[in-house]
Amino acid sequence: MLPELSHSEIHRYSRHLLIPEVGLEGQKKLKAASVLVIGTGGLGSPVALYLAAAGIGRIGLVDFDVVDFSNLQRQVIHGQSGLGQLKVESAKARMLDINPDIQVDTYNEAFTSQNAFRIAEPYDLIIDGTDNFPTRYLTNDLAVLTGKPNVYGSIFRFDGQVSVFDAKEGPCYRCLFPEPPPPGLVPSCAEGGVLGILPGTIGTLQATEAIKLILGIGEPLIGKLLLYNALDMSFDFVKLRKNPNCKVCGDNPEITELIDYEEFCGMPMHDHDEGSAGAEWDITARELAERLAQGEDLKIIDVREPHELEISHLEGATLIPLGQLAARLSELNSADKIVLMCKAGTRSTRALEVLHSAGFRKMKNLKDGINAWAREIDPSMPIY
Amino acid sequence: MATLRIPTPLRPYAEGQTEVSVQGATVGEALNDLVNQYPSLTKHLFNEAGELRPFVNLFLGDEDVRHLQGVATPLKENDKLMIIPSIAGG
Chain A
1 MLPELSHSEI HRYSRHLLIP EVGLEGQKKL KAASVLVIGT GGLGSPVALY LAAAGIGRIG
61 LVDFDVVDFS NLQRQVIHGQ SGLGQLKVES AKARMLDINP DIQVDTYNEA FTSQNAFRIA
121 EPYDLIIDGT DNFPTRYLTN DLAVLTGKPN VYGSIFRFDG QVSVFDAKEG PCYRCLFPEP
181 PPPGLVPSCA EGGVLGILPG TIGTLQATEA IKLILGIGEP LIGKLLLYNA LDMSFDFVKL
241 RKNPNCKVCG DNPEITELID YEEFCGMPMH DHDEGSAGAE WDITARELAE RLAQGEDLKI
301 IDVREPHELE ISHLEGATLI PLGQLAARLS ELNSADKIVL MCKAGTRSTR ALEVLHSAGF
361 RKMKNLKDGI NAWAREIDPS MPIY
Chain B
385 MATLRIPTPL RPYAEGQTEV SVQGATVGEA LNDLVNQYPS LTKHLFNEAG ELRPFVNLFL
445 GDEDVRHLQG VATPLKENDK LMIIPSIAGG
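Protein chains in written order, with the working numbering: chain A, 1 to 384; chain B, 385 to 474.
Just chain A, with the same shape it has in the complex (with noise of 0.2 Å):
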């Protein structure tokens, strides 16, 4: 039996009543419908609010993190107001503010295998707007495990995909990805930066497909990958299939239970930087200035990008980016003292693997980046 509607409602939804494909019985299909929203950062943020707006019954809502400066220049569902406030409240303040009439259910708490199966419990379908590679493993896993459609969406730069990954129906997301990359080898929207606007395209593409799910219309993206480009202006589509041998929704499933990765991979929890290359090997920004004051001869090499250097550069730093250091180490001396930075110590503690594995021990990493000496050295520099 599905849920009446007030006339409030009505009036509310009356654009959606008008179309053939939603009307009445739709909109109560919408009114009786509960999602699950990983993550409210970039992809969370439209995910939320479209579907508050569409007058989704009950929307559950996971994040641990709170709002940041840094986060208003895509995760719209956020304000200045909201500042320091856990991000699950932000964002349910501002649904409950676009729809009173919908039941917001906040979780803040990280999303793990202890606490999973608990919190997805109550909701007929996830959306997938974590930011890192462990919870969207679990994501995967706990769809197929609970049966329960997953709809992903992922993005960095200028590139997005979308997906609806349905084990009983098609493909899993461990189909196409069947392992997360090794730590270190794909770079997180912290390091590599995302066009603002873009998971707000990516992040309405996921609600379509979960109200198109619940609706029961029109052709879902099962079996199919959107690849979006917004340089290009481009959407591919390529297709899906079930891997018989996938490791989880496969016909002889390894996986029967929750893993949490970030346990035995070491991979950063979370799209924040992780600045610190261990005590071995780091050097803080204030030992640096007093070893550059006493006149120490460091070779301090910048990993960062060309253009990062007009936002913030140390005096006498030499340009090696990141991705051509591997082909450019002739340029060093393995006898110099280096210093390897960059915005935050993320890619220089890559860097510092690059070096180590080609021989090099005579290096530190510039803990926590150009922002840490930004903070506690030169406060005329910016931090980004």
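Don't take each hint at face value.
[Said to hold, decoys possible] Reference listing, derived: stretches of chain A covered by chain B, where coverage requires no fewer than 3 residues with Cβ under 8 Å from a Cβ of chain B:
1) 39-50
2) 156-167
3) 322-334
Worth flagging that the hints you see were computed from the coordinates, not collected in a lab. Only a predicted model underlies this, so the values are computations on that prediction, with no experimental measurement involved. Note that beta-carbon positions come from the ideal geometry of N, C-alpha and C, so glycine has one too.
Since the structure of chain A is provided, determine the placement of chain B on it from the hints.
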């Protein structure tokens, strides 16, 4: 000669190129030509044993080469290959 589309996360290792012309009668030969042109790409595409990494998805047109003949899939003139990267941003 086929063209191979380089995904954004791998472009820094291919001198910023978005598309590269690659020579070879098969997908495997084309990949070898690619990493000969841009050696920095090697470790992103192949593991230590020289096998394609499991998270690298290679499509010929809209078909996953795993569902064709893998690296032995024959290539024709003007075929379009695409690497689909694993991205996780949100």
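Evaluated hints:
1. Three residues within the 8 Å Cβ limit are the bar, and the segment 39-50 of chain A against chain B gives 5, so the coverage statement holds.
2. Counting residues of the segment 156-167 of chain A whose C-beta lies closer than 8 Å to any C-beta of chain B gives 5; at least three are required, and the coverage claim holds.
3. Beta-carbon proximity to chain B at under 8 Å applies to 5 residues in the segment 322-334 of chain A; the threshold of 3 is reached and the given coverage holds.
Every hint from the earlier list agrees with this structure, and none is contradicted.
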